[in-house]
Amino acid sequence: MNIVVLVKQIPDPEALVAIGGDGVSLAIEPKFAMNVFDEFAIEEALRIKARHTGKVRVIALGSGKAIEVLRTGIAMGADEALLLEDEAFLDGDGYATAFVLSRAIAQEPFDIILCGRQAIDDDRGEVGQMVAQFLGLPHVGGIVKLDVTDGRAVAEVAVEGGQETVEVPLPALFTAQKGLNEPRVPLITGVMKAMKAQIARLTAADLGLAPAQAGRSGAKVKVVQYSLPKKKPAVQIISGEPREAAMEAVRILMDVEKVF
Amino acid sequence: MDFALTEEQEFFKKIITDTVDRLIVPKAREIDEKEEFPRELWREFTGLGYLGLRYPEEIGGMNADPVTAMIFYEQLARGSVGFAQSVIMNALMGTYFIYRFGTEEIKKRCLYPAMRGEKIATMCFTEDQSGSDLAATRTRAEKDGSDWVLNGTKMWITNGPIADIATVLATTDMAKGAKGLNFFLVEKGTPGFSPGQVLDKLGCRGTVTGELVFDNVRIPAENLLGTEVNKGVEYLSEILDEVRTMTGAMALGIAQAAYDEGLDYARKRVAFGKTIGSYQLIRAKFADMATEMEASRLMVYYAAWRIKEKLSCRKEAAMAKMFATETCLKVVDEVTRIWGANAFAHEYNPQRYFRDARFLLYGGGTHEIIKDFLGRMIIGKH
Numbered sequence: 022m023n024i025v026v027l028v029k030q031i032p033d034p035e036a037l038v039a040i041g042g043d044g045v046s047l048a049i050e051p052k053f054a055m056n057v058f059d060e061f062a063i064e065e066a067l068r069i070k071a072r073h074t075g076k077v078r079v080i081a082l083g084s085g086k087a088i089e090v091l092r093t094g095i096a097m098g099a100d101e102a103l104l105l106e107d108e109a110f111l112d113g114d115g116y117a118t119a120f121v122l123s124r125a126i127a128q129e130p131f132d133i134i135l136c137g138r139q140a141i142d143d144d145r146g147e148v149g150q151m152v153a154q155f156l157g158l159p160h161v162g163g164i165v166k167l168d169v170t171d172g173r174a175v176a177e178v179a180v181e182g183g184q185e186t187v188e189v190p191l192p193a194l195f196t197a198q199k200g201l202n203e204p205r206v207p208l209i210t211g212v213m214k215a216m217k218a219q220i221a222r223l224t225a226a227d228l229g230l231a232p233a234q235a236g237r238s239g240a241k242v243k244v245v246q247y248s249l250p251k252k253k254p255a256v257q258i259i260s261g262e263p264r265e266a267a268m269e270a271v272r273i274l275m276d277v278e279k280v281f
Numbered sequence: 187m188d189f190a191l192t193e194e195q196e197f198f199k200k201i202i203t204d205t206v207d208r209l210i211v212p213k214a215r216e217i218d219e220k221e222e223f224p225r226e227l228w229r230e231f232t233g234l235g236y237l238g239l240r241y242p243e244e245i246g247g248m249n250a251d252p253v254t255a256m257i258f259y260e261q262l263a264r265g266s267v268g269f270a271q272s273v274i275m276n277a278l279m280g281t282y283f284i285y286r287f288g289t290e291e292i293k294k295r296c297l298y299p300a301m302r303g304e305k306i307a308t309m310c311f312t313e314d315q316s317g318s319d320l321a322a323t324r325t326r327a328e329k330d331g332s333d334w335v336l337n338g339t340k341m342w343i344t345n346g347p348i349a350d351i352a353t354v355l356a357t358t359d360m361a362k363g364a365k366g367l368n369f370f371l372v373e374k375g376t377p378g379f380s381p382g383q384v385l386d387k388l389g390c391r392g393t394v395t396g397e398l399v400f401d402n403v404r405i406p407a408e409n410l411l412g413t414e415v416n417k418g419v420e421y422l423s424e425i426l427d428e429v430r431t432m433t434g435a436m437a438l439g440i441a442q443a444a445y446d447e448g449l450d451y452a453r454k455r456v457a458f459g460k461t462i463g464s465y466q467l468i469r470a471k472f473a474d475m476a477t478e479m480e481a482s483r484l485m486v487y488y489a490a491w492r493i494k495e496k497l498s499c500r501k502e503a504a505m506a507k508m509f510a511t512e513t514c515l516k517v518v519d520e521v522t523r524i525w526g527a528n529a530f531a532h533e534y535n536p537q538r539y540f541r542d543a544r545f546l547l548y549g550g551g552t553h554e555i556i557k558d559f560l561g562r563m564i565i566g567k568h
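Line by line, the protein sequences are chains X and B. Per this note's numbering: the first sequence = residues 22 to 281. Per this note's numbering: the second sequence = residues 187 to 568.
It should be emphasised that the hints constitute simulated quantities derived from the structure, not laboratory data. Certain hints may be false.
[Unchecked claim] Result set (SDA-like, lysine to any residue): computed pairs, CA atoms no more than 20 Å apart in a straight line:
1. B:LYS454 with B:LYS365
2. B:LYS454 with X:ALA39
3. X:LYS52 with B:LEU422
4. X:LYS52 with B:THR203
5. B:LYS365 with B:LEU422
6. B:LYS460 with X:LEU249
7. B:LYS460 with B:ARG523
[What the hints assert, rightly or not] So, partial list: chain X residues that the calculated Cβ filter (under 10 Å) puts toward chain B:
8. PRO207
9. LEU208
10. GLN246
[Unchecked claim] Pairwise CB distance ranges, derived in the manner of DEER restraints:
11. X:HIS73 with B:THR552: 55 to 65 Å
12. X:SER238 with B:GLY233: 25 to 35 Å
13. X:GLY200 with B:THR552: 28 to 38 Å
14. B:GLU216 with X:ALA179: 29 to 39 Å
All C-beta atoms in this analysis are idealised placements derived from N, C-alpha and C, irrespective of residue type, glycine included.
Could you put together the complete structure from these sequences and hints?
Below you can see the structure in the form of structure tokens.
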């Protein structure tokens with residue numbers, strides 16, 4: 022069972038983020054973390070491997086710093102890691118990223134692709150589906166359970182008010198939702214292996230891509246502007262007797278805020 | 187000059203930071219409040235293999251260099267000092283002499299299980315009348331045939347009351363002072379070896395600290411940890427710099443934990459219609475804290491680098507320990523001011539950092555002793 026896991030390095034949830042002067046770039050404090058949904062994906066891949074044997078290959082697209090999430094994957098137990106690193110890959114949208122990832126995935130035979138249901142930095146939640154589309158695979162989004170047998174997979178997906186169970190032939194792509202598993206904490210033996218691991222790197226040329234097909238040039242979606250949410254007005258305290266205060270609150274809601 | 191961590195060290199820092207955040211930070215308050223050794227966390231954390239950090243890979247360790255070890259000590263202390271003390275005692279002082287001088291039999295029985303967290307190790311220096319003044323050690327070791335017989339009482343022993351294996355400092359001849367000292371291995375269950383009083387402490391309350399009593403404890407010749415008799419102080423000097431620098435690293439960790447909470451509070455707490463972080467006096471506090479923490483961090487990691495490069499480090503380690511500790515004490519104090527009265531409530535963490543940081547004043551040598559040592563070293567004997 023060959024399993025590919027797509028991982029993304031994102032700004033640490035506590036990193037400071039500011040909008041650049043041009044309004045379309047972000048200045049992000051250089052503190053990084055692995056996207057939490059991708060951790061579920063790696064954990065699931067390792068559990069499948071433990072049940073069925075095989076190989077777990079972790080792939081990330083990003084700059085050199087992204088090597089840390091790949092090493093984390095190896096520390097957790099992944100067998101191989103691949104960094105897609107090229108100036109031409111940067112600043113792409115979900116489409117351009119999914120396109121490059123799908124090319125890299127297709128280089129080796131695989132049975133299962135796992136990734137997070139969304140990255141918690143831009144929250145778009147589109148790369149997994151697009152990779153499946155580029156590779157012509159079934160896609161099951163937001164799984165909370167996965168069982169694999171004889172070339173087929175049964176997955177559970179949380180839906181409003183219940184659970185949906187679906188079956189797909191392999192190879193297929195699944196995106197991981199919270200609740201799928203509890204990612205392991207790496208053992209020191211894994212950490213040591215990861216520290217010494219040589220991480221393979223591929224460029225656009227290695228994947229047979231022209232720079233125009235990837236990154237900013239290959240993107241279909243362009244950021245026009247970032248803006249901050251409107252500041253919430255200060256809390257207004259209505260003083261007086263409860264009855265009068267309540268009437269005043271209703272008056273404000275109806276006449277001023279016009280919520281009714 | 188090169189101030190950068192290697193890619194491997196950066197990665198280790200990332201992993202240990204995440205591991206501490208995930209396993210230790212959420213339990214830190216409970217560890218402090220319950221004031222008991224967190225056995226479940228101990229099993230969970232030590233099961234990952236970190237206790238063998240400093241030891242060779244061939245025996246299940248990681249062969250980490252001193253800089254990497256310092257990252258480990260710093261991050262652990264950031265999570266919970268009480269827990270960090272227990273772990274570091276096991277990983278460094280409590281096992282070092284067994285690793286260095288133990289027979290293969292002793293290593294199989296004591297070191298390897300301690301590296302796996304199955305046995306809890308400690309080192310016993312302090313007595314009620316001696317701490318930094320090692321030459322005043324009164325615990326006696328007398329030769330009887332080929333055996334040694336130990337008598338005395340140790341105090342302030344980290345992990346002491348729960349220890350399975352103890353490295354005990356004892357004198358063969360009090361008249362010889364520091365030149366009569368030796369380390370002996372004593373295992374739990376040896377007749378005459380028993381825990382005494384457990385101390386009720388201001389901080390580091392997750393660590394069990396207390397008294398150990400040695401009443402005619404008979405141990406075989408191979409339990410003398412050393413190739414020669416009366417060389418204890420010489421052997422101690424092999425890890426003294428790392429122990430002192432480690433204390434500095436723990437100071438960095440506590441300071442960072444307090445600073446992070448102070449920063450979070452300064453960004454959120456509103457007074458007079460503005461966040462308090464927008465006031466100059468609060469900003470000044472962060473400028474000072476950040477500057478002194480930066481200086482402390484450079485000193486600690488510089489000392490660690492000197493140990494790694496096998497350069498003399500007695501002075502640098504002592505300075506790093508003292509400076510980082512004083513910085514930490516200042517930071518935990520400032521953070522309680524930034525938090526205002528909330529820092530006085532047990533409900534929040536700043537009071538814990540404030541209490542925990544005090545232990546740094548004594549561990550690794552009091553600053554009175556360190557200043558005297560440094561002054562003598564600088565001025566020379568006159």
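So, going through the hints one by one against the coordinates:
1. Taking the CA atoms of LYS454 of chain B and LYS365 of chain B, the gap is near 58 Å; set against the 20 Å cutoff, the hint is violated.
2. About 17 Å separates the Cα atoms of LYS454 of chain B and ALA39 of chain X, which keeps this hinted pair within 20 Å; it holds.
3. Taking the CA atoms of LYS52 of chain X and LEU422 of chain B, the gap is near 39 Å; set against the 20 Å cutoff, the hint is violated.
4. Between the alpha carbons of LYS52 of chain X and THR203 of chain B the distance comes to roughly 12 Å, so the proposed pair stays at or under 20 Å and holds.
5. For the given pair, LYS365 of chain B sits about 12 Å from LEU422 of chain B by alpha-carbon distance, which is consistent with the 20 Å threshold.
6. For the given pair, LYS460 of chain B sits about 19 Å from LEU249 of chain X by alpha-carbon distance, which is consistent with the 20 Å threshold.
7. Restraint check for LYS460 of chain B and ARG523 of chain B: satisfied, since their Cα atoms lie roughly 17 Å apart, inside the 20 Å limit.
8. A distance limit of 10 Å between C-beta atoms decides the matter here; for PRO207 of chain X the minimum to chain B is near 6 Å, and the interface restraint holds.
9. Hint status for LEU208 of chain X: holds, given a least beta-carbon distance of 5 Å to chain B, under 10 Å.
10. About 25 Å separates the beta-carbon of GLN246 of chain X from the nearest beta-carbon of chain B, more than 10 Å, and the hint is not met.
11. Under the hint 55 to 65 Å, the C-beta atoms of HIS73 of chain X and THR552 of chain B, about 59 Å apart, fit the expected range.
12. Checking the proposed 25 to 35 Å range against SER238 of chain X and GLY233 of chain B shows it is violated: the Cβ atoms sit about 49 Å from each other.
13. Checking the proposed 28 to 38 Å range against GLY200 of chain X and THR552 of chain B shows it is violated: the Cβ atoms sit about 52 Å from each other.
14. A C-beta distance of roughly 31 Å is found between GLU216 of chain B and ALA179 of chain X, which places it inside the suggested range of 29 to 39 Å.
The structure fails to meet hints 1, 3, 10, 12, 13 from the earlier list, while all remaining hints are met.
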